[in-house]
Structures are given as structure tokens and as C-alpha cells.
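Q: Taking my numbering, the leading residue of the sequence shown gets 1, the next gets one more, and so forth.
Just so you know, these hints were derived from the structure itself, not from any lab.
Just so we're clear, the structure is a prediction, and the values are computed from it rather than from any experiment.
Some clues are possibly wrong.
As the list claims (entries may be wrong) - Here are the computed distance ranges between Cβ atoms for each label pair: (1) 64 - 41: 34 to 40 Å; (2) 72 - 50: 25 to 31 Å; (3) 41 - 62: 26 to 32 Å.
Don't be surprised by glycine CBs; every beta carbon is placed ideally from N, CA and C.
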Amino acid sequence: MRLAVERVEHLGAGRLLYGTLPDLAPNDKIIVSLAYTVHSTIEAGHTYDFRVHQSNLKFFDPENGLRVPARPLPARRSA
Numbered sequence: 001m002r003l004a005v006e007r008v009e010h011l012g013a014g015r016l017l018y019g020t021l022p023d024l025a026p027n028d029k030i031i032v033s034l035a036y037t038v039h040s041t042i043e044a045g046h047t048y049d050f051r052v053h054q055s056n057l058k059f060f061d062p063e064n065g066l067r068v069p070a071r072p073l074p075a076r077r078s079a
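Sequences and hints are given; from them, build the entire structure.
A: As C-alpha cells, then:
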């Protein structure tokens, strides 16, 4: 999946990437947590390819911020 990074937040134990998935859910905001052991250069304003095991995806209710059950991702949009 492709991640369009809007903001990068550097933390002591890693980084948080804020952005969208332009091919799957361009209107939904997502946050990716990267461990400090991931040494790739990632900058805001760029789009990157990522692979994520479905069991590592977490979903939250935008109204109250509470975690909700996993849901299927929308089908990938063709370019």
C-alpha cells in the first residue's frame, strides 16, 4: 500500500507518520508507528510504499477515539 505522508513526528522510541492511503482510503487519516530500528528516510510531502500484515492494523472510532473491531480494507483503486 502507498502512504502519502503529511507529517512526521520524531519520538524517542521511533516515529509517527501521519497521512493517507491514496489508493485505498484517500479521505481517511491514518497514523503509522515506526520503531527506531527502521532507518529509512521518510519526509512529509512524499508518498512511500509499505507492506503491513493485516493483523497489525488497528482501527479507531473518529467520534470517541476508542478502538473498534478490524474491518476489511476497501479494494485498491486502479490508476
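Q: Determine for every hint whether it applies to the structure shown.
A: Now for the hints, and whether the structure bears them out:
no., hint, in the structure
1, 64 - 41: 34 to 40 Å, "35 Å, holds"
2, 72 - 50: 25 to 31 Å, "18 Å, violated"
3, 41 - 62: 26 to 32 Å, "30 Å, holds"
Hint violations for this structure: number 2 only, all remaining hints satisfied.
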